[in-house]
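Visitor: The lines below spell out each chain.
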Amino acid sequence: GAVVSQHPSRVICKSGTSVKIECRSLDFQATTMFWYRQFPKQSLMLMATSNEGSKATYEQGVEKDKFLINHASLTLSTLTVTSAHPEDSSFYICSADTAGPNYEQYFGPGTRLTVT
Amino acid sequence: QKEVEQDPGPLSVPEGAIVSLNCTYSNSAFQYFMWYRQYSRKGPELLMYTYSSGNKEDGRFTAQVDKSSKYISLFIRDSQPSDSATYLCAGSATGGGADGLTFGKGTHLIIQP
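Protein chains in written order, with the numbering used here: chain A, 1 to 116; chain B, 1001 to 1113.
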């Protein structure tokens, strides 16, 4: 149980284009999903908290107009990187909270974004 | 000062050894502590979670939290080559998914056959 999927697993796009990444909780409903970014040999950095039916909460320094988050249902959150630039190249990982009695976040497999 | 500090390693030990992984944190509000295992180019996998101070054991893994010293540890007994991965510690102030996690950089562990 508690499986989180992401799509695509890898994407290469040209500078200036937009890319959408999907995060799905496959066997549970997730009121809250989180988006992280991980640069090589660096820690996961929280970008934003996504709540179903409401606007996402962004961490300081994360541009909300550049990283659009939509939590359309209890099983789906999307991250759109708009007008991508090479510095946006990174590993993007989502997680979902099971809302169970124990505090457990399960992570997706990640999406490798390369902007050329 | 980073909120969660973790030695990136690499830490190399022979198969069968007991592995000790450690983190320190600075945020006194942290109540929940987790250990994740991450293989190369994969998403993190939850290994252990603990609430407040104390020990928790699950199979070959034991997690310890000492809130008085802001120190968290993960012990792996009878280490196997398949345990070779990056281990990330994380803390959070609230439960129930109210906030995200603050991660350390991760420790790269190598178990030598």
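Derived from the structure by calculation, the hints contain no laboratory data. Among the clues, some could well be false.
Said to hold, decoys possible - Computed from the model, here is a short list of chain A residues facing chain B with C-beta under 7 Å:
#1 V3
#2 F34
#3 S43
#4 L44
#5 T49
#6 I93
#7 F107
#8 G108
#9 P109
#10 G110
Where is the CB? At the ideal position from N, CA and C, for every residue including glycine.
Visitor: Hint by hint, note whether the structure agrees.
Guide: Hint check results:
At its closest, the beta carbon of V3 of chain A sits 11 Å from a beta carbon of chain B; the interface hint therefore is violated under the 7 Å criterion. For F34 of chain A, the suggested interface contact is upheld, since its CB lies about 5 Å from the closest CB of chain B, less than 7 Å. Hint on S43 of chain A holds. Least Cβ distance to chain B is approximately 4 Å, under the 7 Å limit. Against a cut-off of 7 Å between C-beta atoms, the interface hint on L44 of chain A holds, since the closest Cβ of chain B lies about 5 Å away.
The beta carbon of T49 of chain A comes within 6 Å of a beta carbon in chain B, closer than 7 Å, and the hint placing it at the interface holds. Residue-level restraint check for I93 of chain A holds (minimum Cβ-Cβ distance to chain B is 5 Å; threshold 7 Å). The criterion of a C-beta within 7 Å of any C-beta in chain B is met by F107 of chain A, whose closest approach is roughly 4 Å, and the hint holds. The criterion of a C-beta within 7 Å of any C-beta in chain B is met by G108 of chain A, whose closest approach is roughly 5 Å, and the hint holds.
The interface hint given for P109 of chain A is met, as the beta carbon of that residue sits about 4 Å from the closest beta carbon of chain B, less than 7 Å. Taking 7 Å as the C-beta cut-off, the interface hint given for G110 of chain A holds, the closest approach to chain B being about 5 Å.
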